[in-house]
Every structure is written in structure tokens, then in C-alpha cells.
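J.: Spelled out from the first residue to the last, the chains are:
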Amino acid sequence: MQQNDQMAYDRGSTIFSPDGRLYQVEYAREAVKRGSVSIGIKTAEGVVLVAEKRVSSDLLVSETIEKIYTVDDHLAVAASGHVADARQLVEFARRESQRNQYMYEEPLETDTLAKALGDHIQQYTQYGGTRPFGCALLVAGMTRDGPALIESEPSGAIIGYKAAGIGEGRADVEDALEEGYDEGMSIDEGLELAVSVLVDRDDTTLEATEASVVEEDGVRSVTSQELHEYAPEDYDESDEETEE
Amino acid sequence: MQQNDQMAYDRGSTIFSPDGRLYQVEYAREAVKRGSVSIGIKTAEGVVLVAEKRVSSDLLVSETIEKIYTVDDHLAVAASGHVADARQLVEFARRESQRNQYMYEEPLETDTLAKALGDHIQQYTQYGGTRPFGCALLVAGMTRDGPALIESEPSGAIIGYKAAGIGEGRADVEDALEEGYDEGMSIDEGLELAVSVLVDRDDTTLEATEASVVEEDGVRSVTSQELHEYAPEDYDESDEETEE
Amino acid sequence: MQQNDQMAYDRGSTIFSPDGRLYQVEYAREAVKRGSVSIGIKTAEGVVLVAEKRVSSDLLVSETIEKIYTVDDHLAVAASGHVADARQLVEFARRESQRNQYMYEEPLETDTLAKALGDHIQQYTQYGGTRPFGCALLVAGMTRDGPALIESEPSGAIIGYKAAGIGEGRADVEDALEEGYDEGMSIDEGLELAVSVLVDRDDTTLEATEASVVEEDGVRSVTSQELHEYAPEDYDESDEETEE
Amino acid sequence: MQQNDQMAYDRGSTIFSPDGRLYQVEYAREAVKRGSVSIGIKTAEGVVLVAEKRVSSDLLVSETIEKIYTVDDHLAVAASGHVADARQLVEFARRESQRNQYMYEEPLETDTLAKALGDHIQQYTQYGGTRPFGCALLVAGMTRDGPALIESEPSGAIIGYKAAGIGEGRADVEDALEEGYDEGMSIDEGLELAVSVLVDRDDTTLEATEASVVEEDGVRSVTSQELHEYAPEDYDESDEETEE
Amino acid sequence: MQQNDQMAYDRGSTIFSPDGRLYQVEYAREAVKRGSVSIGIKTAEGVVLVAEKRVSSDLLVSETIEKIYTVDDHLAVAASGHVADARQLVEFARRESQRNQYMYEEPLETDTLAKALGDHIQQYTQYGGTRPFGCALLVAGMTRDGPALIESEPSGAIIGYKAAGIGEGRADVEDALEEGYDEGMSIDEGLELAVSVLVDRDDTTLEATEASVVEEDGVRSVTSQELHEYAPEDYDESDEETEE
Amino acid sequence: MQQNDQMAYDRGSTIFSPDGRLYQVEYAREAVKRGSVSIGIKTAEGVVLVAEKRVSSDLLVSETIEKIYTVDDHLAVAASGHVADARQLVEFARRESQRNQYMYEEPLETDTLAKALGDHIQQYTQYGGTRPFGCALLVAGMTRDGPALIESEPSGAIIGYKAAGIGEGRADVEDALEEGYDEGMSIDEGLELAVSVLVDRDDTTLEATEASVVEEDGVRSVTSQELHEYAPEDYDESDEETEE
Amino acid sequence: MQQNDQMAYDRGSTIFSPDGRLYQVEYAREAVKRGSVSIGIKTAEGVVLVAEKRVSSDLLVSETIEKIYTVDDHLAVAASGHVADARQLVEFARRESQRNQYMYEEPLETDTLAKALGDHIQQYTQYGGTRPFGCALLVAGMTRDGPALIESEPSGAIIGYKAAGIGEGRADVEDALEEGYDEGMSIDEGLELAVSVLVDRDDTTLEATEASVVEEDGVRSVTSQELHEYAPEDYDESDEETEE
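Protein chains in written order, with the numbering used here: chain P, 3 to 246; chain G, 3 to 246; chain R, 3 to 246; chain D, 3 to 246; chain S, 3 to 246; chain W, 3 to 246; chain C, 3 to 246.
Extracted from the complex, chain P is given alone in its bound form (with noise of 0.2 Å):
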């Protein structure tokens, strides 16, 4: 399909395209990977969050940014793309784990949290008078079943990974994880290969990064300070002075 005919059809959530597409949900994965990445791991003992900060300036603290929120006590979720869009939803994920508790009086589950955010985001592609929200997921969590790691996107589909990135650059962080990963990992060593791949990324830092751990004690942070035990041997701090 030539370029005007395309901007005929990508201008409204509510229209499909001739060949049966649904620009806007494909404009939002593009402000997706517009935003800095985001990677989780399934490991044997429980998942992991790690997620690269865009810090634009020294006067900036960043420890405000905010890419991995806690959704309640063994569920977390890390986002990338539009930040506003993204605080919307955690919300919404908040809310469905106190609404669940106070109802059910049990935690919420990780699939029925990611199935309940994929439904909120496909109301948004199908209704006017809105735009899709522009940004992704990783929702991890501790389930009867052992950990779960499910991402959803845009469209509102979801889908569970072993090991999973999103964000600018995902299609090189995948091929990085599918060659690290293993199934019987430890949670350092899934950090270990999460923090890999980030500091693989030119412009990657390990201070402008944000990791948490969802284990069966629950959901913990890792601090920056912590995440340099996980970088690789030839990973050189100093570098990190001379970013500009």
C-alpha cells in the first residue's frame, strides 16, 4: 500500500485499513520503542526486572524515574514507552489487586491481572474519542505454578515469555537473551545476564538503571549500587564518569 493511502486509514482507532489493519495500535508500538528498554527474566527461583533510564541531565535525580513499579506484594510490572501512559495502567493494575483482595480476600493472580490490563488496553483501539495507550508491560509475578513473566502491548494482547525486552533496540536484546538464557537459572544469574545485556548497549549505565526481584518472599529492589555486582568482569565503572 502506497503512502496516501496508508494516512487515509491511520488516523482513528476505529477504523481497520483495506488489508485489515489497525494503524493507531501500530503507531503506539512505535512510541514503545521509542522509550528506553526494558528486560525481564523467568528464572527457576523467580523473575526479573531490570530497566535503563534515559537520564538527560546531572541535575536530574533518578531515582524519580520510574520504569518498574510494585503492584502489590508478589506482583511487578516494567514498562517502557510513554511514562504517563504506563503510571495509567499500573494504577489500574493497582487497583485490580486491592479491588481482588478486598473481594476474593486472596492475591491477585499474574495471568488474571495481565488478561484484566489487556482487556482495559483493547477497549482503547476498538472505541473513539480516544488513542491506544503507548506503551508496554512486563508483568511479572509469583503464581501457584512457580514464576510467570507476561507482556502486553499496545493491541491489548498478551503474552507470556521465559525471558523478554521491550523498548528501543528489543529485537537485538532478544537475540542477546535467547543465548543467555536457561531455564534452571538462578535469580543472580538471571540478573547477571540481564545487566549483560544492558551494559552490552553503548549508552547504558549501570546508575541509570532500576532492577527488582519478584520471589517467593515477595517483591524486593535492587539498587544501582547492587546491580554492579552482576556486571561482567570487563565492565570498566569509569566509563560511566565520561558520559556526557
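Warning: the hint list may mix true and false statements.
Which stretches of chain R does chain G cover? Using the computed rule of at least three CB atoms under 8 Å from a CB of chain G, they are [claimed, not checked]:
id, stretch
1, 31-44
2, 60-67
3, 141-151
4, 173-185
The set of hints was computed from the structure by calculation and includes no laboratory data.
All C-beta atoms in this analysis are idealised placements derived from N, C-alpha and C, irrespective of residue type, glycine included.
Use these hints to put chains G, R, D, S, W and C onto chain P, whose structure you have.
T.: Then chains G, R, D, S, W and C, alone, in the frame of chain P:
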């Protein structure tokens, strides 16, 4: 009608083209054709549903891609097209089933569900501010008159079939089904036919396949391992490894 | 009026063209013409409804294609055009019938139903945010004054007929009906006339035909097997086998 | 104003053109002109309404085409233009009449009804999301001051007439009425005048004509058979047979 | 501003043009100018309203064309422009008057009514989904301070006048009023002035004229017969007969 | 930015142009500039408001043109721009004042009213379906801290001034005010300054001028006769007669 | 992307461009850049807010231009961009603070307020019928963990800073802040830094500057007179007089 003219009538559910067509509905059918194939076969003993999944990465947990959904203990549906749209319809179906059980204290009839789905889908083709559903469903159930298989599609039309395929390559699938179908076939023979139709296609492996059987005893899930038993003798499992 | 000018006025139910036409209603009539034909004949004893079905595949269960619907025990309608639209109108008719029974404890009169349908259909031609219904109906009933046959169409107009055809090839069908019609004919003669008009058309076989009779005793369905008894003597059943 | 400029202002009820016109209202008047003619004559004894019908097929039951409607036992209206639109206005009129009877326990005055109709019609010319009504009405009633005949048209304007024609060929009809009208004429003379005006037109036969009289005793329907008594002497009934 | 540019800003009440104009309001003023003229004259004894009617046919009952409306026993309005729009405003005025009487148990002041009308009219110039009112009103009343004459126009502005004309040829009418007006004139002199201004215009006859006087004793209607007494001596009644 | 590009962003309150401007708000400011001028001067003793009126006809009652409105006994506003819009804001202000009196039993502070007005005005610049208010106001009041003069304008911004002009020729008026202003001036000196600024303009006569003073004792109206006392010595009253 | 293509996607908050951008949000950021600059500096003792005002006339009362707003006794915000928009957000913040005080009987945390503001702002970027807020805020507060400074901007994103500038010339301001900033600086040193950054700019004088300090004891306003004490030694007050 020329390209330019068609473009004048294809950007809203709420208008007819001069030749009486609803282009947005036709484009939604294109969205169905872009989806991976699902097959339904009505046998003498029950209905077989087999669906192919698109597994884009080794790290993806293929079990989390749902193509076949249990609606209640005697009803299941297989979907092709936009997965988040399909999930909405499945949830609608489940609510209808629960409402029916609650109000009439008896299970929902297959054709009653199909009509309710069709009516729900039709609304999205007549009123503004929304788009049609970009998915088709195969509704499978056991009724007083035996097994039933009904397709719903984006216009809201519902049609019963002895055997049907929806999604990518529907025409080829239906040709193969017509050739191999026999009304008196058993469920096992139905599974064999479905599997043979699927593996004939270049890009399908049984690993990425989901199946369910709706029979007298209810809905029964068939694992991809079990499906191998129904594969043609010349089916080479090693092919699966070399898939890219 | 030239093509370009027509296109300025034909994309909304809620505007008139400079010559006072409602193009969306006219296009909805085109949708009716694209549908398979339905025939109604008012005889001295009751009303005959016969409808052709489009059976696109041998695996399709033609009984599940509904063209004739029973509204209550003395009222039936045959439809042509968008099937999901027609189903909406049939459900509207059934609700009207139940409401009438409940409120007045007497059956709904045929012309009262036709007017209610026409009013409902008219609303979709005057207000924005929706499209007209893309179907026509033949409403058949027994009234105090004997049998009645009324057509409703996308503008909301309703007109009584002695015999009428809606859908594809309406003009030819009506010519044939005018030639063969007699007000004093019996139901059997009405069925004969309807069947002979249908089988005269190249692409019709009695296998893919649905029929009902509305008579003193209520609505009675006529199977496609029974319809063969009404076929002209030179009708060759073997033709049905060679259909493609 | 040139064609292109007019087209900039004629596609919404809610905008004025630069010269202060409401094109959609003017186009709705064109819809009236496309309708078959209705004639009203106010005589000394009552009001005569005669309306021509378009009978497109011998199988059509012309009695089911309504052009003249009884609103209550002293009020009737004749319509030209979109029949489904006219039916809406007639129902509005009947509800007004019932409401008036219920609230004030006295019959609705003719001019009160005409104003209520005009106000209702005006709303459809000022607010968005709808189109004007594509029909005109002749409202006939007996009042304290004697017979009354009032026309309502798509702008919502209402004007009283001694004799009036609406629909196709209105100008010629009004010329003929002006020539033959006399305020002191009896109802029979009024019917004679109306019939002579109608049969003077090439395409009219009394068979396809509907008539009512609103007089002291209430509304009385005049059959097309009775109308023949009022036909001019040179009216040749055999012409009706040769009509095509 | 060029034609093309103006057209970019003149199709919605809710937008300003770059030079700060509301074109839809200005076009509604054009609609007023297309209406037949109405004249108001404030005299020492009361207010005179005289309005010309357009009588397009001898069969039209000119009394049914209302240009002057009594609001309550001390308030009347004359209108020019879209008659159905004017009727809406008159009904608004009557409701305001009744509400005032009911709530405060005293008659509505002329300027209070004019402001309420102006506010009502202004709403239609600021919000989308509607068009301005296409009419102007002359509001005439007796107040504590004596007679009052206020004009409301499509922007919602309200201005008091000693004498004013609205509708077609307003400029000429106002020139003639300025020349003949005297603040101390009696009602009879006011009627004489209004009549002389009207009959000076080529196309006006007193037969098609409506008049009312608002004076100490209330609103009094002046018949077209009575108006002849106020005509200039050289006014030739026979002219009326030759009118076409 | 070129003309064509500007036109892409200037037809809705709810969009920004690429350079961050709200064109509809800027066009509403043009509407203010088209209005006749209003002047406010804050003196040591109170605030002076003087406004020019456009009197287009000798028959117009200039007192009925309101440019200065009393909000409550210690608050007044002068307006320039669309008069019907201004009246809406004045009514809003009066309701706010009454509400404040009712709820808090104390008079509304000048800056509280100005902020409430600004917030009300801002809403009309952010939401669709409406246009900004096409008027500016000078709010004058006595506060605990002495006299206050605040301008509100179509963006909703509110700014305090020692002396200000709104409407046509604002720039020249403000230059003249800057030259003649002194913070310690008396109310009489303020009126002198305002009058001298007004009569310096070619088209202004004191006959068509309205004035009010807000001082310790409340709001006091100044007649145009009284204003002559404040006119410069060389002001020639006879000029007023020759005005056209 | 070319100019023409960008223009296809930049006129509604509710659509993404093909590369995943929300142009209306980006244009709202341009509106912020058009606003006068505001500076926030987090010191060891509290947060300093200093804002430049645009004083266009000597008659303008610069104190009435608000750029810094007290939200409650421990929270303040500085704004740049559309002032009426900023006022809306400040009122939202004040309502949030009161609601929090009322519900939880404790003061609102700085980051809780910033998130509430960000969520509120995000809504205006996802739903149709509105535009984004055309302003950015610097939220300053004292928290359990000491002073906090958070920026909210038109996308709804919120980010913490040690020191930040918003509005015109932001880039230069941030360069100067990075150079002079020290985490351990006192409030006095923070004021000195802010003032020196401001006066370095050609068009700024301390007369037109507003400042507040949020410290342990609450929010404290700093007059422009006091600000002079923090000016660099070479700052020449006489420059202020020559400003144009």
C-alpha cells in the same frame, strides 16, 4: 468501482457504499485472514477444534497464546484474527453462559450463544464511534440434537458448518476438509483430519498447536504432545527443530 | 447530477442531496439487491413465503442459514440483504409481539407490526451516528380480514402486496409473479407459483430453499423435500448434483 | 452563488449559508416535491383532502399506501414526500391529540396541532445530528370558527390556506385550484374540484386515489369508487385499464 | 480577507475568524434581511408594531401568517426572518412571562424579557451542535418608565430604539422613520408614520399587513381594515386588486 | 509560519499550533479589538470606569447599550467586544457575588471574582464544542487594600493595572494613560484623564459615553451630562451635533 | 517526516503519528517554551523557586502576575506557559491538598501531589474533545526525606530534579545551573545562584521577579526588594530604569 471512489466509503462502520457494501466490515474480514488458522470439525461423537499458533520467539511461552477458549463445560470457541478482540467476545460468551445458568438454571444452547454473539457483533457494524470486531469465532457445543459447529464473523452473520476453517489460508483448508470429511467420523478421525490438514501447510508444526474436543462428557483439552498421535505417518518431528 | 456532486451528499443518513434524496437509504436498498431472493404470495387461504439461500460450501449446514423467521404463532417474516441486520429487526418484531401479548392479551396485528418495524427503521435514516438497516422484510400474517403480506424496506416505508419479491433479481421475479398470480389461488397453488418462479432462475436449486406458510392454523414450515412436490414437471433434480 | 460555494454550506442543518439560507431545509422541500400530490380544499361545510398514490405494480395493494391519516375524530392530515417521515409526524400528532384529551378533556384545536407540529419540525432544522423531515402535511380540522386547513412544511413554518396542493406539480395544481375555488362551495363541490384537478394530470387515475372529508360529524373516508361520482363527465374510466 | 479564507471560518458557530468575527451570526443576520419588514415605533402613549406579510397566493389565509405575537397582556413582539425560529423565541418569551408571574406575582419587565431572550439567543452562538436563530425581534412593552421598544438580534445583542425596522430594506425604513419620528407623537400618529413608511415601498399593500399597539390598557390588535384609516391620502386601495 | 499552515491550526479551541499558540484565543482577542474602547483608572480614592458606545442611529436609545455593569454594591465591570458574550460573564459575576454573600455572609473580593471569571473563561479555551468568549472585562472594586482594577481577557489570564484600556485603539489609549497617570490622583482627576483620552479620539463624543465610579461609598454612575464637566476646556460640544 | 505528513497527525490529542509521537503534546511543550522562565533549586535546607515575569506596561501591577503559587503551608509550585492553564492545575493541587488533609488528617506528600498532577495532565492527552495543558510546573515541598523538587510537563510525565528551569531559554538556564549547583548549598546560596542565572539574561530585571522558599518552617515569599541582596556585585540596578 475505482480505488478513489472506494476510499470515499470505507472509513466508517456507519455508511454504505453506493453498491450497498460495508467496507469496514470487509476490512475486518481481512484482519481475520491475517490471523493464524483455526479448524473446527463436527464428528458423530462431538466437535474437534484445532488451532495453529504463531510462535515468534523461542523465549515465548506458547501455552500463553490462547486460540481456543472454554466458555462453559459444554461449550468452546476457537478464534482467528485480533486476539484482544477475540478475548472480548469470549468474555461476552462467558457472561452470557453464566447469565443463562443463573436465570434459567440450564446450560446455554450453542445456537443461542452464537446468535447472542452475532447480535453483539452486529451492533459494532451499525453505530458510529466504534469499529467492527477484527476476529471470527468457531463456536463448538453439544446440543439436544448432537454436536454443533457455528461460525461467527465480523458482520454478525452466523452460519453452521460440518467442518470449517477460519484465518489465513481458509480457502485451502476448506478444500482439504471437504476432501477428507465424513459425517460419521469419530473424534479420533476428526483429530486426524484436522492435524493432517494443518501439517500439510508449510509453516505449521504441532508444537505450536492447540486443540480441544467438545464431546458428551464436556470440553476436553488435547495437548500438543497428544496431537502427535494423530499426525500422518510421514510427519517428521525433526522438522520442528529446524524451524526458524 | 454528476458523480462528484453525488459523492458530496451520500455519506451520512442525516443529509438530503440538493434534489431531495437520501443516498444512504438508496445504498441500503442496493445492499438488499445484493441479497438472495425471497418471495411472498398472498393466497385465499394464507400467505406463502419461499426464500433462496446461498450455500457457498458443501460443508455448510444450510439449515442454519435463516431467511424466514417465525415472529409468533400467526406471524412470519422473510428477509433479504444483510443477515445480521435482518436478525435485529426480527428480534425487534418478536419483542413487539411479546409486549403486545403481555399488555393487551391479544396477538399483534400484521399491519401494526409492519408499522412498528417501519418506524424503527425510519429512525435509522434520520439521526446521525448510525446507518440504515441493509435489509428488506416480507411480513406475512393472518388478520381479521384474512391473509396479509407487507414489505418493509430501508427507508421505513411499508407497502402491502398480493405477491412480492425482494433481493436479487426482484424485477424479473415480480414479472413472473404478475403473470402467474391469481387472488383465488390456494396455498398449494401459491407454493407451486413460488417454486416455479425460483427454479426458473439459473442458479437456484430446491435444496437451498426455505419455505413457510402462514395460514389459519398458524405458521407451518415447509421442508425443501416437501418443496419438490411443488416443482414444475420438467424440473430435473439431477441438476442439483452438478451444481458447483 | 456558484455551485462550489453552495456545496460548502448545504450539508448540515446547523449552518447558514452566507446569504442566510438553510440549504438542508430547501433540499427537504425538494423531497416533498418528489412526492405524489395531495390536495386540500376548505369548503363552507368542511375540509376535503384528496391524495394521489403511486402504484408501481399491479400486485401492490394500493389501500396499504397511506397518504391521508385520521389524527382524531375531528382532525385529519394529508402528506406528500417521504412516507416514513410523514408517519412519524402523524404519530406525533396523534400523541399530541391524546395528551390534549387526557390533560384538558377537550379535543385538540387544529391550529394548536399545527403549531405543535411546526415546533417539532423546527427542532430538526436547528440542532445537529439529525436531518429535517422530508415531507409536508395538510392539516384539516373543524374548529369553533368552522373548517380549517393548515400546511406545515420542512422549515417548521405553518400557513393556513383556503385550498392548497403539496407534492409534485404543486404550482399547476394551485393554479387550477385558484381558478375553480369558491369560499361558499359545498363538500360535494369541493370533491368535484379536487377530482377534476387530479384527473387533468396525465398520470393520475381515480383508482390510485385516497380521499377524506372532515366535516361537522367528524372525519369520513371517501372510497375511490365513490370518487368516480365526482369525476368530470368526460372522464373515461377505460383509461385506467390501459395504464402502464 | 479573500473569499477562500472566509469560507474556512464560516461553517460553525463555535469558531472565530482571524479578524475576530463570527460568520454564522453574520449569516443569520442575512436570514433576517431576507424576511419581510417589521416596524416598531415608541410613542408618548405606547408602542406601535406594524409588520408586512408575504402573501404568495390568493388561496392563502393571510391571518394565519403571524408576524406579531402577544407575549402577555402588556408585552408584544414583532419578528422578521425565519418564522419557525421566531415562534421558538416567542414561546420562550411566553414561558418566561408565565414563570415570572408565577414566581414573583408581578408582570415581566420589558427589558428583563429582552435580556432573557438575548441570553437565550447568545447560547446558540457559542456552543456547537446548533445554529444561531435566524430571526430578529422587536420587543414592545409598557414599563414603569413608560413605553419601551427593544430589538434582539442573532448575536444575542439587545438595543433599545425610539423607532426601528427589521427585515428586508431595513436601511430605507430607518431613514424614513428618522425623518418622520417625533418623541411626543400619539399612537395614532405612530400608526400613520408606520403605515406611510410601509406603503411607500413598492410591494406592500395594507391587506397583507398586521399591526398591534401596546398601550396603558394592554396589547390591542389593529386589523388591516382599521389600518386603512392611517394610510396617506394618496394611497390608492385599487392598487391592491392589481397586485400579482 | 505561512498563511496555509496557520489555517490548519486555527479552527478549534482544543488544538495547539506547532509553535504552541491557541489561535482561537488570539482571534477572540481580535473580537475584543473590534469593540468600542473601555477605560479603567485606579485612583487614590477609587476606580474610574469610562466606556465609549457606538450609536449607529439617532433613533437608538443609547442608555440601553450597556458597557459598564454593576456586579454588586462595591464591584463594577466595563466590557469591550461581543456584548452578548460580555453579558454572560457579567451574569456569571453576579451569581458568584450572590453565592459568596449567601455562603460567607461577606462581600466578594475583587481578585476572587477576577480569578473566578478567569477560570470560567479558561474552560472555554480547553474543551471542544464551544468557542472562547469574545470580550475582555475591566473589573473594578474596593478591597481591604484599597481600590483594585483587574483585566480579564479571552485566554482566562487576569492582570492588575493602575490604568488600562480595552477594545479598539487600546495601544494609543494606554500610551495616553501612561502619560497622564499619577497614583495619587483623585477620582475627579481620574475622570478628567479618562475623558481627555476619549475625546482626543476622532470618533468619540461624550453623548455616547457611559461612566461609573467605584469608591468607598459603593458604585456610583456618572451621567454623560456630568461627564462634560470633566472635558478639556477646548472640547467643543457643537461637534457632537455634526456627528454622522 | 515531511511537513505535509506531520500536519496529518498533529491536530488531535488522540492520535499517534506513524513514528509514535503525540504532536499535540509536543506543541503544548512549545507553549511552555514561550512562557517566561521559572527556576527551582533544591538546597540542603529547602527549595528555592524564582520566576521571571513579563511586565509589558508601566501601568501593569506586576504583583498581580502570579508565577509562584502556595499550595499549602509546605508546598509551592512555579509555573511557565499559559497562565490560565497553570491556574487550573494549581487549583487542582489545592483541592488535592485539602482532600488529603480532610481524609487522612496529614499533609500531602510532594511526590503524591506530583503524581496526581501528572495523572490529571495525562488524561488531557488521551481523550478527545480537549487539548493538553499548555504549561509546566515545578513542584517544591518538604518531605520526610528532606526537600523535593519535581517537574510536571504537558505529557503528564513527572521527574525529580536537583535544580531545573522551565520556560523560555530552558537549555541555557540548565547549563548555568549545572555549573553553579552544589547539593550542600544553603537557601541563601540557592537564591544567589537563581538570581545570578536570571540577571545574566539580557531581558530580566529583578523588579519583575517573584520568589518563594519552601523550608522546614513552611513556604516563605521573598520580595523583589529582598532579591536584590542576592544579586551579583556587578548587577547594576540602574539598568532597570532604562528597560523598555
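J.: Please go over all the hints and tell whether each is borne out by the structure.
T.: Verification of the supplied hints:
Restraint check on the stretch 31-44 of chain R versus chain G: 6 residues with Cβ-Cβ distances below 8 Å, three needed, restraint holds. Closer than 8 Å: that is the beta-carbon criterion, and the stretch 60-67 of chain R has 7 residues meeting it against chain G, so the requirement of 3 holds. Beta-carbon proximity to chain G at under 8 Å applies to 0 residues in the stretch 141-151 of chain R; the threshold of 3 is not reached and the given coverage is violated. Here the stretch 173-185 of chain R counts 0 residues with a CB under 8 Å from a CB of chain G, which misses the bar of 3, and the coverage is violated.
Against the hints set out earlier in the document, violations occur for numbers 3 and 4.
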